[in-house]
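*Asks:* My request is simple: use the sequences and hints to build the entire structure.
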Amino acid sequence: MKPLSIWVYYWNNKRKIFPVIGILILSVLGMMAPPAILNTVQQDVLRGFNFYEKYIVVFINEAESEGLTKSQLEDKLINLGSVEHIIETQVRTTQRYTLSGDIDTPVFFLKEKDYPTFFGHVGLKLNEGTMPEENSNEVVFTTQMAKNKQLFVGEVFGQAVDEYDTISGEFVLSGTVDTDSDSFGLGSYGFVNQKQSITTWYLVAPQDGKYQEILKDVERLKKEHPFLYFETEPSLRNRMDNGFKSLNLVFMLVSSIIVIVIAMSVALLKIIFFMQRANEFGLLTAIGYSKKFILKKTILEVFVIIIVGWVLGVFITWGLFAWLNATLYVPKAFIPLDLFQFDVLKYSLPIPLAVSIFSIATVFWQLSTLDPVSIIERRD
Amino acid sequence: MLIKTINLSLTYKDANSEVIAVDNVSLELPEKGFFGILGPSGSGKTSLLYLLSGIRQPSHGEIYFSEKVYPKSSEGRSLLRRLQMGFVFQQHFLINYLNVKQNIRIGASKEGKDADMRVQNIIQRLGLEGFELRKPYELSGGQRQRVAIGRALANEAKVIFVDEPTAALDHHTGRKVVDYLYELAKDTCVVTVTHDDSILNNADKIFTMWDGALTEGNTL
Chain A
0 MKPLSIWVYY WNNKRKIFPV IGILILSVLG MMAPPAILNT VQQDVLRGFN
50 FYEKYIVVFI NEAESEGLTK SQLEDKLINL GSVEHIIETQ VRTTQRYTLS
100 GDIDTPVFFL KEKDYPTFFG HVGLKLNEGT MPEENSNEVV FTTQMAKNKQ
150 LFVGEVFGQA VDEYDTISGE FVLSGTVDTD SDSFGLGSYG FVNQKQSITT
200 WYLVAPQDGK YQEILKDVER LKKEHPFLYF ETEPSLRNRM DNGFKSLNLV
250 FMLVSSIIVI VIAMSVALLK IIFFMQRANE FGLLTAIGYS KKFILKKTIL
300 EVFVIIIVGW VLGVFITWGL FAWLNATLYV PKAFIPLDLF QFDVLKYSLP
350 IPLAVSIFSI ATVFWQLSTL DPVSIIERRD
Chain B
0 MLIKTINLSL TYKDANSEVI AVDNVSLELP EKGFFGILGP SGSGKTSLLY
50 LLSGIRQPSH GEIYFSEKVY PKSSEGRSLL RRLQMGFVFQ QHFLINYLNV
100 KQNIRIGASK EGKDADMRVQ NIIQRLGLEG FELRKPYELS GGQRQRVAIG
150 RALANEAKVI FVDEPTAALD HHTGRKVVDY LYELAKDTCV VTVTHDDSIL
200 NNADKIFTMW DGALTEGNTL
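Going line by line, the protein sequences match chains A and B.
Counting in numbering that gives the first Met the number 0, the first sequence runs from 0 upward without gaps.
Counting in numbering that gives the first Met the number 0, the second sequence runs from 0 upward without gaps.
Calculated from the structure, these hints are not laboratory results.
Note that the coordinates shown come from a computational prediction; the quantities given were computed from them, not determined experimentally.
Using C-beta positions, here's what the derived DEER-type ranges look like: (1) B/Asp203 / A/Leu268: 48 to 54 Å; (2) A/Leu344 / B/Asn15: 57 to 63 Å; (3) A/Arg14 / B/Gln123: 32 to 38 Å; (4) A/Leu267 / B/Lys185: 48 to 54 Å; (5) A/Asn12 / B/Ser72: 29 to 35 Å; (6) A/Val307 / B/Asp203: 52 to 58 Å; (7) A/Leu268 / B/Gln119: 35 to 41 Å; (8) B/Asn15 / A/Gln275: 31 to 37 Å.
Simulated pairs of lysine to any residue, SDA-like, Cα-Cα distance not exceeding 25 Å: (9) B/Lys100 / A/Leu3; (10) A/Lys290 / B/Tyr96; (11) B/Lys71 / A/Ser373; (12) B/Lys157 / A/Glu376; (13) B/Lys112 / B/Leu132; (14) A/Lys295 / B/Ser73; (15) A/Lys110 / A/Thr142; (16) A/Lys295 / B/Leu82.
Chain B side only, calculated, beta carbon under 7 Å to chain A, not exhaustive: (17) Arg81; (18) Ile94; (19) Leu97.
A virtual CB, placed ideally from N, CA and C, is assigned to each residue, including glycine.
*Replies:* Below is the structure:
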């Protein structure tokens with residue numbers, strides 16, 4: 000092996016290489032973990048909205064109805080040109096756990112006769128157990144929801160057994176329904192309607208391919224009857240986006256500062272290492288190696304370290320994500336952390352880029368001011 | 000002639016004044032022999048060495064190597080040094096993370112098996128067998144200086160410049176190093192700068208410098 004090859008340098012200077020690689024690994028990890036986690040949190044929250052692409056939820060409070068009766072409202076809804084069917088329901092919420100905190104997730108209480116329509120429209124099938132008995136406190140959850148709440152068929156939930164749950168009373172999980180990505184529950188309309196409710200809810204199904212039209216129809220209806228409340232996928236998503244927008248901005252600012260600090264730290268280390276090697280570079284220049292050769296050698300040394308640091312950082316982050324997925328995300332039915340998507344990987348790219356620029360500029364500057372005579376004449 | 004200089008001068012600015020480090024030096028060095036440049040500290044002998052080796056560019060005058068004028072570009076002069084010249088500095092300037100063999104090898108201008116064999120021969124000639132894999136900090140002062148000489152020989156240099164070869168060594172080790180340089184001078188041009196005239200007893204020619212100018216041994 001050539002004595003001036005970068006491998007000989009690395010092999011004999013491990014103590015100098017490891018801190019730089021260590022900094023790079025940690026910075027890649029630090030830069031990739033937050034966006035990946037934030038991304039899955041966002042997707043987890045979004046998962047609760049998938050249902051609203053199949054049904055729009057409309058509700059009205061009796062006290063605010065301004066004389067609009069149930070049958071008049073039903074007529075208005077069914078006569079919207081984009082509506083396929085409507086289902087009267089009652090909605091309560093129970094909690095779903097995400098890394099950003101507990102999220103209220105709906106439990107729709109339906110009449111038994113409406114189950115086939117609802118199942119057919121959403122595309123559900125019973126996965127385990129039985130559907131809720133009419134007028135009973137039985138509830139079925141989507142499999143994701145049951146997993147998330149760590150509930151098995153036959154177990155109970157609700158405020159009666161968990162004071163932090165938002166759904167009052169006690170409910171029994173009678174079964175789970177299979178759906179790819181939705182989070183909600185289903186119960187018996189008769190059971191909750193026995194208790195007084197001043198709000199009337201409807202699930203409004205758009206006709207095939209008419210989701211955009213139903214949104215416009217809903218807007219028109221809202222102008223006519225301002226006291227009507229609608230929950231649509233875009234309205235919920237907007238609410239979430241506003242919440243995450245400022246978080247993303249803060250994250251971008253912090254990331255930028257981290258990248259600059261890391262790049263400057265590595266550049267500073269490079270200056271120290273360069274000064275320690277001044278004798279070596281002075282000697283090489285004096286015995287006839289060109290500055291171009293030394294520049295190429297030192298830049299290659301920097302590049303290889305940066306690439307190795309980045310690749311190791313990505314692999315270690317990947318390992319950490321795999322461990323987190325196995326121990327936390329999958330058992331809790333969170334959306335798993337996914338490293339290999341550009342939205343996450345892109346956050347690690349400024350590190351090698353900034354470190355390269357700072358380090359190469361440092362080496363270039365140091366080398367341009369290197370005078371071999373001043374080195375070989377030094378008497379230290 | 001291997002090296003020939005005509006009216007070589009080196010001046011540089013120091014604060015407000017202009018210092019003449021080398022003043023109008025003309026000399027000739029043949030292809031073999033031991034040549035000394037003697038003078039007190041500050042006489043300009045090391046500056047002359049830097050001019051002869053192309054590390055410094057003269058302010059005035061010309062230098063020729065094998066009848067060809069020295070390249071003007073620093074890249075060109077670097078290449079000349081790398082291919083034709085060897086250098087032994089006052090301090091050994093060995094690279095600490097490289098072993099003896101690797102330190103000698105960096106002086107070689109070519110790669111390959113021939114270079115390996117040459118390095119091995121140098122190690123034998125310098126009595127460094129058994130020390131090939133040692134790092135500079137594991138060697139004595141004399142051994143380090145021998146490695147530095149080995150590095151200067153690795154490219155089969157036509158001329159070897161030596162700067163105060165005994166300054167950092169004890170008398171006994173210094174003597175051995177000087178003897179070895181005399182041995183080299185049988186086939187090579189060895190130019191030694193020193194303020195210690197005892198090491199020049201057997202020199203083929205001694206150039207004496209004072210205030211940047213040659214006072215004795217000027218061949219023109």
